[in-house]
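Here is how the chains run, residue by residue.
2 protein chains.
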Amino acid sequence: MTFPVVGMVGGGQLARMTHESGIPLGIKFKLLSDTPQDSAAQVVGDVVIGDYRDLDTLRDFARGCDVITFDHEHVPIEHLRALEADGIPVRPGRDALVHAQDKGVMRAKLDEIGAPCPRHRIVGDPQDAAAFAAEGDGFPIVLKTVRGGYDGKGVWVIGSAEDPALAQPFRAGVPVLAEEKVDFVRELAANVVRSPHGQAVAYPVVESRQVDGVCDTVIAPAPDLAEELALRAEELALRIAKELGVVGHLAVELFETADGRILVNELAMRPHNSGHWTQDGAITSQFANHVRAVLDLPLGDPRPRARWTVMANVLGGDYPDMYSAYLHCMARDPQLKIHMYGKDVKPGRKVGHVNTYGDDLDDVLERARHAAGYLRGTITE
Amino acid sequence: MTFPVVGMVGGGQLARMTHESGIPLGIKFKLLSDTPQDSAAQVVGDVVIGDYRDLDTLRDFARGCDVITFDHEHVPIEHLRALEADGIPVRPGRDALVHAQDKGVMRAKLDEIGAPCPRHRIVGDPQDAAAFAAEGDGFPIVLKTVRGGYDGKGVWVIGSAEDPALAQPFRAGVPVLAEEKVDFVRELAANVVRSPHGQAVAYPVVESRQVDGVCDTVIAPAPDLAEELALRAEELALRIAKELGVVGHLAVELFETADGRILVNELAMRPHNSGHWTQDGAITSQFANHVRAVLDLPLGDPRPRARWTVMANVLGGDYPDMYSAYLHCMARDPQLKIHMYGKDVKPGRKVGHVNTYGDDLDDVLERARHAAGYLRGTITE
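So the protein sequences, as listed, match chains S and H.
The first sequence runs 1 to 381 under UniProt numbering.
The second sequence runs 1 to 381 under UniProt numbering.
Since the hints were made in silico from the structure, they are not lab data.
A pair holds if it fits inside one copy or across any two, identical chains being indistinguishable in the list.
Okay, derived cross-link-like pairs now, SDA-like style, lysine to any residue, Cα gap no bigger than 20 Å in a straight line:
#1 K153 <-> H72
#2 K350 <-> T2
#3 K153 <-> D216
#4 K350 <-> F3
#5 K346 <-> T2
#6 K242 <-> V98
#7 K346 <-> F3
#8 K350 <-> L365
#9 K153 <-> P126
#10 K181 <-> A165
#11 K109 <-> R121
#12 K242 <-> H197
#13 K109 <-> E180
Everything numeric in this text was worked out from a predicted model, so none of it was measured.
Pulled out of the complex, with its shape left as it was, chain S reads as follows (with noise of 0.2 Å):
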């Protein structure tokens, strides 16, 4: 057989869930993972303990690997030139992954391709970004630090200049960059697979809402979404893949505005929060297909197979048990689809999610919601 061995470096829950997806296929995954408690590295049989941060252990772990993708973007891109000089594929490659892993680079590559972004700089100080935002409409602005941020990390709105935040980025000695704080009536996600060969799906686009700077739900298709605009979205997300040689899963988060404009907000070049409904509500799921790009096999159907999917993240609670609280979620309902990570439970911890679908957006919402709250233990009947 030449069946190949995918190595995926970082044990997290996208990890997880991309192996999952690769059982089926008779893929082969090697895992590198910081520890064997890490949510990968429960599930996965070949599993290598170490830092990726080390060039030796990256070395050393894609060796006999046919091909290196990601859980996360955070490999030094010195070490990724490092394995292709190896002759290792690396995908997404470093070039792609840069603008993921720099908010700066990002933006400038944006700016280039003409494609859609707040007003933005860099900026150097307190005084610049007070500058920034006189050049615009004056504060609110958004502030963040080009690399290390995530779920709402990273990112502070200021609302004056002489808000004590103000500072506070740039204590971190890492670039700053300031943007317009986007007035939008919602947040979208454009999810698209492309691979080696050019081959590229599109997902349909969903919408985001986030409590607290986390993602919270997301709602497939996004309801109410102008054909025009899903049609620039898809269009917006694929060009960007194309221009940025990307290969695997890219998520593409927006800005709706009240104007009918959508505004690049976050790019991520690996599996995504906002397509996690996929597993359950699309024909093939962004862990399959991811698995498939950065294997340069023909790409998987993304339609969906439901009239409305709806993902809700489920946090960590109070409560360190949640398996007692499947009883009652299952028993509610039968349809439900509960995706676990094997995670500590940790208040406002992402710990897992679940996927509802149906033909009834409020039904299927309520259902989601439902679940979540429950096993978090918001909801307690």
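The hints should help you fit chain H onto chain S, whose structure is shown.
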């Protein structure tokens, strides 16, 4: 976290796919496998290599498991008794499993509960088998060793009293069951899942088509099956599950006769080839429901997600390299679902299956057959 550990005895593809379906639930799997190369051992993290026929091995393995279940039905009944005496829940339990291990015991029990069976009795030697034939409509008859058969092995169709095969079944030193050769119009399978709690669900009755005694395709639901007969088959399977105390998945293989009867052919107390279509065609797969049942969790919805789903087994051909066939199969049918088992290809060996679904049965059948044939190498375009 109090997520349970499911101990799975046997490393075949059923264990592999059960593990796959347990990952989203956060269920921890521990596998007892003959070799590290076994189908499931390739993808499960926590694997013990050992012989399930050795009681000490089995006991050591069971320590730390919250429940034990099986990839196959070959674990000696006395070993199951020992595990139960150690306080480990075994599901299905020995009182149920004995019916799947011994076709003589199975037929006796089915007679007792009034389940319709082909005419049958245990026969002691070739003369007795000929007498059995004479008691009914004569030859042909079917002889089966009561233990150890599968996929046509351990089964002989005897055409006449002079048939040279008549003596063969008696050479194994295992009791021999004689059955009338049922003149069936087709084979059906009724798949049900039952929990210790007594909850049970029934999947739609499917048609199973055999080639050379091996399952070739399964069509869900069985085309043109009278609703009354479908209901009778589901009720029969549910009744057998209850009366035999089955926990987990039960497949009841049935003959449909020209005069509208259904007769029980075989029982399997584990996920079954006739239920593989549920992975992509039902709301909850047989594997996920088997896991839920052995953990006494509420069962998931068994209803179909598509009008038609077809499963076609992929047998090994002359070509050892099935992976290279992915390119054509995936490009031809982006909706195709491939399930490979990680097994070495040997001619005639089941190494995987494909699922297809849709509204047009002819199309769904053609796609499944094409993919299975192309993977095997019997179709080359």
